[in-house]
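Residue strings, one per chain:
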Amino acid sequence: MAYYGRHLGGGIALAVAALLMASPVHAQDAAALNAEAAQNDWPTHHGTYKSYHYSGLDQINPGNIKNLEIAWMHFPERATRGLQSTPLAVDGVLYYSGSYSRVYALDGATGKTIWAYAPELDEELVAKQTHSPYNRGIAIGQGNLYVGTVDGRLIALNLKTGKPVWDTKLLDSKKMTVGFTGAPLVVKDMVIIGAQGGEWPGRGPIFGVDGKTGQKKWEFFTVAGTEEAMATWGNDSWRTGGGGGWMPGAYDPETNTVWWGTANPAPLYDWSGADWKKSGPRPGDNLYTTSVIALDPDTGKLKFYHQELPHDAWDFDSAVGEFVMIDRGGKKLVVHANKSGYIFVYDRSNAKVENVWPLVKNINFVKSIDPKTGELIGRRDLSEGKAETPLCPAIAGGISWNSGAYSPKTGLYYRIGQEWCQELTVEKTTPILEPMAQLNIGAQFKLVAPPDGPARGHLSARDPVSGEKKWEVTYKAPPLASVLATAGNLVFVPDAEGVVHAYEADSGKEVWSRNNGMGHNAGIISYMAGGKQYIAVPAGWGSLVADEFVALFGEPYKSMPKNTGALIVYTLRQ
Amino acid sequence: MKLPIVIVASLAVLWPWHPSRVAAEQPATAGTSNRPAQAEASPDDINGEQMFATTCGFCHQNGGRSAGRGPKLSKSERSDEYIIERIKKGKAGAMPAFGAVFSDGQIIAILAYIRGLDD
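Line order of the protein sequences matches chains A and B. The working numbering applies: residue -16 is where the first sequence begins, and numbers increase by one. The working numbering applies: residue 3 is where the second sequence begins, and numbers increase by one.
None of these hints come from the bench; they were simulated from the model. A hint or two may mislead.
[Stated by the list, open to error] Mimicking EDC-like on lysine to aspartate or glutamate, the simulated pairs with C-alpha atoms at most 16 angstroms apart in a straight line are:
{"id": "1", "chain 1": "A", "residue 1": "411", "chain 2": "A", "residue 2": "367"}
{"id": "2", "chain 1": "B", "residue 1": "93", "chain 2": "A", "residue 2": "107"}
{"id": "3", "chain 1": "B", "residue 1": "91", "chain 2": "A", "residue 2": "107"}
Using the sequences plus the hints, can you model the full thing?
Quick look at the structure:
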């Protein structure tokens, strides 16, 4: 750069230098983001755009994992509701967020703080929020780090210094109550982030923001985002429909398509029974709630979609679930887990259903889902009053909001399933016609054990397309953290009690475990720093699903703190 | 001090004619846009059970009869003042503050519903 600066005129010199410096870096970033495996870095929430939660690093393997020990720890401030975020790692630096959108940049080898950032939030608003003040992740791109806030802002920080670059207010959170808790997704020059929604009356927008300037470029309403969709909300119920896209989606560069999952409509439960197309609080299919939608990242225009549960009457979002992009038999597929416990397999070019298979055993909200069309068969649409038998799965879902993992080495998809049901009494509530700072539930419910045994969780290793099971591990309580697979033939599962387990990826044999001392409900990653492989696990208990565990499972959850957390980083002992 | 159930229930019944209830029914402005739809319904429409099912039941399960995300509320030994204060101010990281969302009358209606719960 100095050479060109001395020999060329100012503007031209800078332009040439920028090209020489930026292009290779940009190309390298794109290659890393598009890869199947995260290698030295963990550059985006789901590992790479293919959403495998898979590290290509293999220093740590079943042969030496007995030497895996804590390298360093970091304790965030104000860890209300524990830690729920997935860290990122770039060039040996680990970045992660905690509650109140506090962000930390740490030396990946030593844990030494490089910078820390704490935004000033609207604390009065935070005090009114139910799903708050946790943060579930960050994004990196254009030399910036991006984080959303529960008071409706998206903030860019300089990646090197942690200094704010821009701070854009996207949502009127005072009116809507909701803000941002999910990680953004960087696609080319755009930062994409989805709002909370679901049980809050609103229209659940997803935003595209210019990464360099912070200027809002587009906004897509997951509730009635098109004329076609508006016609699926009777009695103007689209005004308070819920929706949202509160966890990050993924990107398919081959078709320039962003895949995003959307949340449930409001109220969660509907008293109209079988007449839901014509009566009740939100008559109709309620597009595009509980759907996977494909957006053009440059314009925010809808390309195509599939509504996984038309007129979702059970709070089984599509907002949960990663988008695992795999090629199989000449087909380009994407695998997406729905909260109901069903796994949907789509054609990546048009969201046509290729298969649907159940991950969990206790399902009775439908009799089945047609694996060829995705049509719900034998829907259980409840009317006002007490349901005769418990609804399965419970409101906490057959799967929760954290991610599974896929190993291209074993060809297996590793996913946590949850077995529980709920007693339910549907209440006819007053229709809500304007957005407001209040939940809209419409029922009394209580979580109970399923018919086939105690409430429990399991990790199963399956073919992602057919669902064929190779092995399974059962847990007394469902693990709520993400799963990590590595090229070292390992699968890591941070569990609810506080123990991190490592299994052989091909056999399911447990080969290592350590107790972190508090439950996990965040994302686990692997990265390289100074030539060594590290495993980073945020520990710290307290999500809304975690809150159910006291009544269901008693100790250790009854006495487990929900206002503390730690990032615990492991590496091989020398 | 604990309000007798009869008094609480009477307050809930009488509430539709309370002056501040009328204010709650005015069209929403910037300062009052958080008022829930129930406050704009007919004056005799404060239904504690319905309000509970709309909002509170997300955490206080089985209509408040069972512990879930939040504690069991039926047969609570907490005082009326404590419950009203908790509804208004919430608890950081555990329960939202509804003081700016619900009117006093609505909070009393919810309290009356809680006090009337069987196990």
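Hints versus structure:
Among the hinted pairs, residue 411 (chain A) with residue 367 (chain A) is consistent with the structure: their alpha-carbon atoms are about 6 angstroms apart, no more than 16 angstroms. Between residue 93 (chain B) and residue 107 (chain A), the direct Cα distance comes to roughly 12 angstroms. Compliance with the 16 angstroms bound is thereby established for this hinted pair. For the suggested pair residue 91 (chain B) and residue 107 (chain A), the alpha carbons sit about 10 angstroms apart, so the restraint of at most 16 angstroms is met.
In summary, the structure agrees with every hint in the numbered list given earlier.
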